[in-house]
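Q: Use these hints to put chain B onto chain A, whose structure you have.
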Amino acid sequence: MRTLNDLLQTHPIFHDFSSSFIADIAECSQEKEFEPDQYIFWSGHEADYFYILREGAVALQARTPDQGMVTVETLHNGDVMGWSWLFPPYKWHYDAQALEPTTAVVIDARCIKGKCESNHELGYELMLRFGRIVVDRLMATRMRMLDIFSQTK
Amino acid sequence: MIAALASPMLTTPWPIIKTHRENSDTFTLELEPPESNGPFAFKPGQFNMLYVFGVGEIPISISSDAGNPETILHTTRKVGTVTNALGELRTGDSIGIRGPFGTNWPVEEAVGKDVVIVAGGIGLAPLRPALLHLLEHRRQYKNVILLYGSRTPEEMLFRKDLEKWSSQLDIQVYVTVDRATRSWRGMVGVVTPLVHRAPFDRKNAVAMVCGPEIMMRYATEELQRRGVPDDMIYLSMERNMKCAIGMCGHCQYSSEFICKDGPVFSYDRIAHLMGKNEV
Numbered sequence: 667m668r669t670l671n672d673l674l675q676t677h678p679i680f681h682d683f684s685s686s687f688i689a690d691i692a693e694c695s696q697e698k699e700f701e702p703d704q705y706i707f708w709s710g711h712e713a714d715y716f717y718i719l720r721e722g723a724v725a726l727q728a729r730t731p732d733q734g735m736v737t738v739e740t741l742h743n744g745d746v747m748g749w750s751w752l753f754p755p756y757k758w759h760y761d762a763q764a765l766e767p768t769t770a771v772v773i774d775a776r777c778i779k780g781k782c783e784s785n786h787e788l789g790y791e792l793m794l795r796f797g798r799i800v801v802d803r804l805m806a807t808r809m810r811m812l813d814i815f816s817q818t819k
Numbered sequence: 511m512i513a514a515l516a517s518p519m520l521t522t523p524w525p526i527i528k529t530h531r532e533n534s535d536t537f538t539l540e541l542e543p544p545e546s547n548g549p550f551a552f553k554p555g556q557f558n559m560l561y562v563f564g565v566g567e568i569p570i571s572i573s574s575d576a577g578n579p580e581t582i583l584h585t586t587r588k589v590g591t592v593t594n595a596l597g598e599l600r601t602g603d604s605i606g607i608r609g610p611f612g613t614n615w616p617v618e619e620a621v622g623k624d625v626v627i628v629a630g631g632i633g634l635a636p637l638r639p640a641l642l643h644l645l646e647h648r649r650q651y652k653n654v655i656l657l658y659g660s661r662t663p664e665e666m667l668f669r670k671d672l673e674k675w676s677s678q679l680d681i682q683v684y685v686t687v688d689r690a691t692r693s694w695r696g697m698v699g700v701v702t703p704l705v706h707r708a709p710f711d712r713k714n715a716v717a718m719v720c721g722p723e724i725m726m727r728y729a730t731e732e733l734q735r736r737g738v739p740d741d742m743i744y745l746s747m748e749r750n751m752k753c754a755i756g757m758c759g760h761c762q763y764s765s766e767f768i769c770k771d772g773p774v775f776s777y778d779r780i781a782h783l784m785g786k787n788e789v
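Residue numbers (my numbering), protein chains in the order written: chain A, 667 to 819; chain B, 511 to 789.
The following block holds chain A by itself, in its conformation from the complex (with noise of 0.2 Å):
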């Protein structure tokens, strides 16, 4: 059976980092089911975890006056989902569904914030990965919001 060592080493995020820095991420996590249509998280709320999709898919949502809930981005198998951790104030700014049976490894904030606190190299490493993530969310963002596939071009 694989360990969550064994999981987080696979995972690109973390690749080339150390036994001891998996270990200590390890040690923040926690392998969860959720289950079709159950709300990960919502908007607003305090952003404590981050999570590491393994199987399944979920939804990003936001309400819009006009069309109710709004799917914003779907996240898969392999995806990080969660920055707000971060970030002052530290509130999710989305709410989070799943939209089919879905794994995820649940990593807690405040555990690997207090990690990198005394580990200077381990927070080094994880900004700059999920500045990637960041990076490419924001590009992917920026694409659609040229929307190059508009009828009216």
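Some hints here could point you the wrong way.
Simulated restraints, written as ranges between beta carbons of each label pair [stated by the list, open to error]:
# : chain 1 : residue 1 : chain 2 : residue 2 : range
1 : B       : ALA551    : A       : SER816    : 31 to 37 Å
2 : B       : GLY606    : A       : ARG803    : 43 to 49 Å
3 : A       : PRO767    : B       : THR691    : 19 to 25 Å
4 : A       : HIS711    : B       : LEU599    : 21 to 27 Å
5 : B       : ASN787    : A       : PRO702    : 28 to 34 Å
Derived, one-sided and incomplete: chain B residues facing chain A with beta-carbon distance under 8 Å [as the list claims (entries may be wrong)]:
# : residue
6 : GLU665
7 : GLY699
8 : VAL700
Please keep in mind that the hints were generated in silico from the structure rather than gathered at the bench. All residues carry an ideal CB built from backbone N, CA and C; glycine is no exception.
A: Below, chain B without anything else, positioned relative to chain A:
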């Protein structure tokens, strides 16, 4: 090697035998090549020049099966004078055709490899003949993966094909939309990050990419991040064209002519031109 046409500037009238509405402003013309010209043959990725009598002529990729050249499909969107006029034509009308022109998708070079197809919006139309070829000769290829991005679920092209391919076990289809509707239960987000999750062997894969140029640029970056070499990434480029044989210079792309050196280029050939202003 594609043989040169005997009379590349000669337009021949072809009858429209059917029209299909793909979405609110995208349509497909089903044409019948006249027997008098001899058999019509083309390769996936090539285009014809379509002339609407008295209106104008434009290049449009062939979207039908190269294995069935008795019926030729052209899929386009109403975006200008000629495409608007094409959209008004009905069964029994005729249009002038010259072609086929240009380079093709590397379906022969891809034999024995994984094939990753990345399409955005109407970019699926020029890739459809390549997909049909891959599926017709499925045993010659390893993994075949289609990544398709559409603006909304309603604006997807070839919905029936996508549904059919999605239900097949010999092709992996990932479809995403930029903007979801309430009833949409599929993926939401841009198409290019899907390259991360596509199961292919970077050392033995060929990628074929078509869509808006900025989408192709980001798709190429994602493919490079996955380790696909530049000469294994193929893009279909688009510029205004006039003669389609590299004489007039309308489609000149620095040292290349899109009409005769393209439209399908390997990325290593045009990498120095991508994203450059006024090229």
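Q: So which hints don't hold here, by number, going up?
A: 4 and 5
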